[in-house]
Amino acid sequence: MAILSKKDTNLILDPLADNNPITIQVLGICSALAITAELQASVVMAISVIFVMGVGNVVISLLRNVIPSKIRIIVQLVVVATLVIMVDQVLKAFAYELSKTLGAFIGLIITNCIIMGRFEAFALGNGPWRSFLDGIGNALGYGVILIMVGFFRELLGSGTLFGMPVLGDPIAKTGLYAIGYENNGFMIIPPAALIVVGIIIWVQRSRNKALIEEA
Amino acid sequence: MLEHLELFFKSIFIDNMVFAVFLGMCSYLAVSKKVATAVGLGAAVIFVLAVTVPLNWLLDQYLLQDGALAWLGPEYADYNLSFLSFILFIATIATMVQLVEIIVEKFSPSLYNSLGIFLPLIAVNCAILGGSLFMQAREIPTLGLALNYGISSGIGWFLAILAIAAIREKIRYSNVPAPLRGLGITFIITGLMGIGFQSFGGMLTGDNDPPEQTAPNTAEKIKEKEIEKGIEDEEKAVSYNDVINE
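If you're matching them up, the sequences are chains U and Z in order. Numbering follows our numbering, with no gaps: position 127 of the first sequence is 127. Numbers in our numbering are just positions in the second sequence, counted from 1, shifted up by 1000.
In isolation and in its complexed conformation, chain Z is listed as follows (with noise of 0.2 angstroms):
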């Protein structure tokens, strides 16, 4: 249970999709120019993360690991797919995205009006793909946390696109450099509220420190879990923190 929660809060202030690894950022500066529209984004995003992430946990577990095709017999323990992720996990999220278009669209008509548009738009969505190649490469060992993993970050993004959509609405009365209005301002905004997120950095770890999440970084903390492995949660999250310190 802890697990859990602390995976669900790491996921929407910490590791937030846009604001700590940049994802999503086409839709999210496109579509961020009114709240109503921001919202059915949102949605769909946080709807198709949560099917898609688990789908591709059970693809990546029972297909692609190095020895994941063990239950097929012995002589099947050898292979290692895991190149061929990428391919598998765009052509499940593309697929998804059709059927559950297909779905909403049979079974619900009124939120097909309101989600249809952007279901489309989402099968290129960085942070899509992005959920199911982070939740790879941090070896999320459970159906159900990958399935937290995939609901949380959808729901960090929203919350993400939400916010700038507000602020958006709001800056339009005021008086921006013309060179900067639009585009401009919309980065340097969107960098504020990201440094703002850093300092959720410290939440779990007690540390008064915020973990810098550079790219650079994010790797050396996965090859650093892949040494830690076994070890107790709170030693790993020191010892965490002193890699990233150094």
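Only chain U is shown next, with the shape it has when bound in the complex (with noise of 0.2 angstroms):
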């Protein structure tokens, strides 16, 4: 970490834990939740946001000082729109049927709102090098809990990571299944995403208790 400063360092870390973006500032939730019940759809959605922030927080900074006030919205909603259509197609060239699962939820990275929030907060006011890096941790911190909560569903509920069995075969009741343990069908449903959330929330202010909010 010789070429990154204590300072730049911290841009990228702080996202992943005291200021992450769905745990701490609430952001981003929307297009994150649906396609976690598997964990290959939620490390590549992880994938396409990191990809979409880092450049679109590096192409934000450069044109912070030609962008007019007034019509900010609209140019930053163009720029992400621009890649997210990227990302879109290269699924559909190279990863079909996995862009049929993900449907129309990679279209709605653009009204994802951490990316908004970043370019606001930081990219409008910072340089390319600096909003490239929040723009990676933030989009960082973003995935973790997405991969955090896909693993926990995947893994609860149908017994499987990334597609493969880990946990033996339910049918043939091999491995665990063989003394007695059942999928909990629960973790599929779409609801129980926002539970696992909910726990890791619980968990993640439990252990800092800074975090707490007053009621």
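Quick caveat, the hints were computed from the structure, so don't treat them as lab data. Ideal placement from N, C-alpha and C gives every residue a C-beta, glycine not left out. Check the hints yourself; a few may be wrong.
Stated by the list, open to error - Sample of chain U residues with no beta-carbon within 10 angstroms of chain Z, all distances over it, derived:
#1 Asp-18
#2 Ala-95
#3 Ala-121
#4 Phe-122
#5 Leu-124
#6 Met-148
#7 Phe-151
#8 Leu-156
#9 Gly-159
#10 Val-166
#11 Trp-202
Stated by the list, open to error - Here are some of the chain Z residues that sit facing chain U, going by a computed Cβ distance under 10 angstroms:
#12 Phe-1019
#13 Val-1051
#14 Phe-1089
#15 Asn-1125
#16 Ala-1127
#17 Ile-1128
#18 Ser-1132
#19 Gly-1144
#20 Pro-1177
#21 Pro-1179
#22 Thr-1190
#23 Leu-1192
Hints given; two lone chains; assemble the complex.
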């Protein structure tokens, strides 16, 4: 990490835990939860968001002195939409099945509030390099939560990871299933994602009391 | 008429924007501390959805779809501009929101005062873009149905934010464990409400098994719909559930 100063390192590390976009800033939940029933979809979504945020933050930061402040929201939306179209086309070309699974949710990256939030709060006031780090850091913080939720939901709900059975075969009753373990079908339905995130927030705030909200 | 009613109830209860597909969660969590503000935002969402979904339907039908440009002449029939839909939809939404804001401010200052502050927020509300994208993915056949879809999914969102705001006002007096206070408990309550809404799943198909509505299944459903197009509604509903139960 010699090329990164201490301040720059913090730009990446802060959003991973104590300033996490999902659990602390409450941004970007919209497009996140619906696709976390499987780990693979979560990972692809996380990578897409990292790409869009990293590049988008740099572009906005480079344009920050040219954009008239009155129409900046439209400019930001156009930049994000262009990047998201690129991601969508790449997915359609190289991972067609997966892009069918993610469906409209790739498009919904456009209105992911983390992206607009970081553009407004950071990229409009900072240079390209720092904006890039900030974008990557926040997208990673988002990705970490997504992958955690995807991991638990797929493991407990289907007994698989990336579609590979890890707990044995539920029909042939091998592995854990031999001693009476059953998949929890509850984890597959959409509302389970909310409850898993709620529990992650609970664990995180129990460990770091400073994050507890005043009621 | 029947299909209008079916779509109406389906969009409000079964495919509820918040509980089934998690759209508009950001503003749902941020603006649900008081019932009065929640009502304002909910009304604005219904309004904007009712305007933008039919507009984007027209765009989709006459500009974006495969072969949609045929009305310009036979030499344009081969164009497929659907990759442009994201950027056109979001541009329409951003423009409409600005336009609606200006018009409302001019003609109804009192409505503007109650709705006004929420309107700019809405341009980046995922429920709005989501409405248009799902309208496209589900291939809603007519303009009337698109309008219906916009209004009813808006009402679904309105119901959701109204309910959570009321619960959050009450929960302030409860003794929630400190680390769960605020965001955590809101997430878990929303999850529980979502489970409740799952039970609406069998409402229109007459089936006792609620269809699971995870994102992959939505995609499967859409694929299935494409294949089954032209088959009677009832049969469609049956095969639909078979696919989901597998």
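Given as non-interface: Asp-18 of chain U, partner chain Z, CB spacing beyond 10 angstroms: holds, 14 angstroms
Agreement of hint Leu-1192 of chain Z with chain U interface, Cβ distance less than 10 angstroms: The hint holds - Leu-1192 of chain Z has a Cβ within 10 angstroms of chain U, the shortest such distance being about 7 angstroms.
Minimum Cβ-Cβ distance from Ala-121 of chain U to chain Z exceeds 10 angstroms: holds, 14 angstroms
Reported absence of Phe-151 of chain U from the contact zone with chain Z (all CB gaps over 10 angstroms): With a cut-off of 10 angstroms, Phe-151 of chain U remains clear of chain Z, as the shortest Cβ separation is near 16 angstroms.
Hint status (Cβ of Ser-1132 of chain Z to nearest Cβ of chain U, threshold 10 angstroms): Given a least distance of 9 angstroms, the restraint on Ser-1132 of chain Z holds.
Distance rule for Gly-159 of chain U, whose beta carbon must clear each one in chain Z by more than 10 angstroms: Label holds. Min Cβ-Cβ 16 angstroms, cutoff 10 angstroms.
Distal placement of Phe-122 of chain U relative to chain Z, Cβ over 10 angstroms: holds, 16 angstroms
Given as non-interface: Val-166 of chain U, which should sit over 10 angstroms from chain Z by C-beta: holds, 19 angstroms
Consistency of the no-contact label for Met-148 of chain U, given chain Z and a CB cut of 10 angstroms: holds, 14 angstroms
Chain U contact restraint for Phe-1089 of chain Z - C-beta distance below 10 angstroms: holds, 8 angstroms
Hint validity - Asn-1125 of chain Z Cβ closer than 10 angstroms to any chain U Cβ: Cβ of Asn-1125 of chain Z sits 7 angstroms from chain U, so the hint holds.
Reported absence of Leu-124 of chain U from the contact zone with chain Z (all CB gaps over 10 angstroms): Holds, since 15 angstroms exceeds 10 angstroms.
Against the hints set out earlier in the document, violations occur for numbers 11, 13, 19.
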